[in-house]
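K.L.:
Residue strings, one per chain:
Protein chains: 2
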Amino acid sequence: MGLQIPELKTGESIDRLGYHGLRIIQNPAKFKFTMDAFLLAGFIEPKPTHKIIDLGSGGGVLPLLIAGQREIAAVLGIEIQPELVEMSRRSATLNGLADIITFEMVDLRNLSSSFMANSFDYVITNPPFFELNRGVISENSGLASAKFEINCTLEDVAKSAARCVKADGKVAIIYPTERLDELMVTFQKYHLTPKRICFIHSKNNAKSNLVLMEAKPGAKKGLSVLPPITIYATDGTYTRIMERIFHGENYFEILYNTL
Amino acid sequence: MGLQIPELKTGESIDRLGYHGLRIIQNPAKFKFTMDAFLLAGFIEPKPTHKIIDLGSGGGVLPLLIAGQREIAAVLGIEIQPELVEMSRRSATLNGLADIITFEMVDLRNLSSSFMANSFDYVITNPPFFELNRGVISENSGLASAKFEINCTLEDVAKSAARCVKADGKVAIIYPTERLDELMVTFQKYHLTPKRICFIHSKNNAKSNLVLMEAKPGAKKGLSVLPPITIYATDGTYTRIMERIFHGENYFEILYNTL
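Read top to bottom, the protein sequences are chains A and B.
Start counting the first sequence at 1; every next residue gets the next number (this note's numbering).
Start counting the second sequence at 1; every next residue gets the next number (this note's numbering).
These are calculated hints, taken from the structure and not from any lab test.
All of these numbers come straight from a predicted model, not from anything done at the bench.
Warning: the hint list may mix true and false statements.
Because identical chains share one entry, a pair is satisfied inside a single copy or across any pair of copies.
[Said to hold, decoys possible] When the alpha-carbon atoms are kept at most 25 Å apart in a straight line, the in silico SDA-like pairs for lysine to any residue are as follows:
1. Lys207 - Gly218
2. Lys221 - Phe148
3. Lys189 - Glu131
4. Lys207 - Ile254
5. Lys221 - Tyr190
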């Protein structure tokens, strides 16, 4: 299947995504990907047979990264903003990945399609980080709803993740560390047992700003906190581990082989 | 006040405790201190006016370390095993600290003395780590009750900590990382909000085995996960930070001044 170059709309550009030849359509007024997507993509360990769902897929960066760097069966991104769903679809086509990646306009608070219940081996999500009472909300509604709990709260995300995931599946999330206790309490409410955690520190003497967590539905307790990931070395460049994550390597491979 | 050399009972010895001239009476059949006490003592930041309670004080190592290394008003250790209470009292006398440190035989499940309610600036605890269904329980009841939830569960500890701590006080605990989610959920049940966490890793490529957590009663949410402490360097010697903690330095001073 040949790659098609899709038409770009006003404000959009085609940007490089990582080091595997992937590209993504972005619009700074609507969606710009962040490092968070690389961190979460490097944390999960999907198998070639796995079906994955991304809850709140924004501009489609997580599905693109995963399908572009790994062998997987299918990844579905659901997103409430129709213009982002449409833009994501064009990015999938741009990369020749439209047969593996699907995007649907779905409100995750309202997962009504029965095909979504207990259907996914991996549920992944990079949800809004901040409560509505925190900070100044961007006037731009697209950007705001990616950062603030306008369209969904942590509880909505946990509830819908618990609904989507297969009984032997996994749920992986990236979230602000300062809300870790809420994350654990909310996941437990929906019987998602935290099994693996990795903290992200911007520098090695800084407190953690982000946390990667993987949970399993109904699993017995027993949590592993892995060695943390530090983003920047003391000279301000990316650490070696962060460079490898940007290159699409899996954190666990890095950890067990070379750390 | 001159130091008194107390009489030793069968099986007891006087051992060095850290690098400040402290000594402790131990009996390998009843109680031996571990590195955990140094980690917790180095994590808390008591003020000279503070009254501290240690829930489940065992052989008295935490009160001795804190009163021996810092200026504090008073520290009370409560312990259910009478022979350990008696041995701890002799250690306090041995170090000339009996005017600051008190030990009482109290079952923490049953804190009935009204003087203990909302009375302490710091509640500290190094409670039993393992549920009764985990592993082989030592035949020695003294050692077993320090490791296994024979005399108290995590919930008993959280409940009694919430009862003892002043409204503007703090609760600090060292606990197995694999039970972090239970720790957070249980503390939240008793309105103890986690505010600071530090993970302990035996080596820098190993998962965390222990976690230090400080919580405040009724505090608003917002958690800091500090840079982790690694115990051993790659050559098997203690790391520089661990050496400093053994020397009685506070983790936060180390962190903010020199890391």
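K.L.:
Between copies, within a copy, both or neither: which fits lysine 221 and phenylalanine 148 at Cα up to 25 Å?
P.N.:
between (31 Å within a copy, 17 Å between copies)
K.L.:
Is it within, between, both or neither when you check lysine 221 against tyrosine 190 at 25 Å Cα-Cα?
P.N.:
Both ways: lysine 221 and tyrosine 190 sit 14 Å apart in one copy and 20 Å across, limit 25 Å.
K.L.:
Is the C-alpha distance from lysine 207 to glycine 218 at most 25 Å within one copy, between copies, in both cases, or in neither?
P.N.:
This pair counts as between: shortest inter-copy Cα distance 23 Å, intra-copy 31 Å.
K.L.:
When no copy is specified for lysine 189 and glutamate 131, does a C-alpha distance of 25 Å or less occur within a copy, between copies, both, or neither?
P.N.:
both (19 Å within a copy, 22 Å between copies)
K.L.:
Can you tell me if lysine 207 and isoleucine 254 fall within 25 Å by alpha carbon in one copy, between copies, both or neither?
P.N.:
Classified as both: same-chain Cα gap 23 Å, cross-chain 14 Å, threshold 25 Å.
Consistency note: the structure conflicts with none of the earlier hints.
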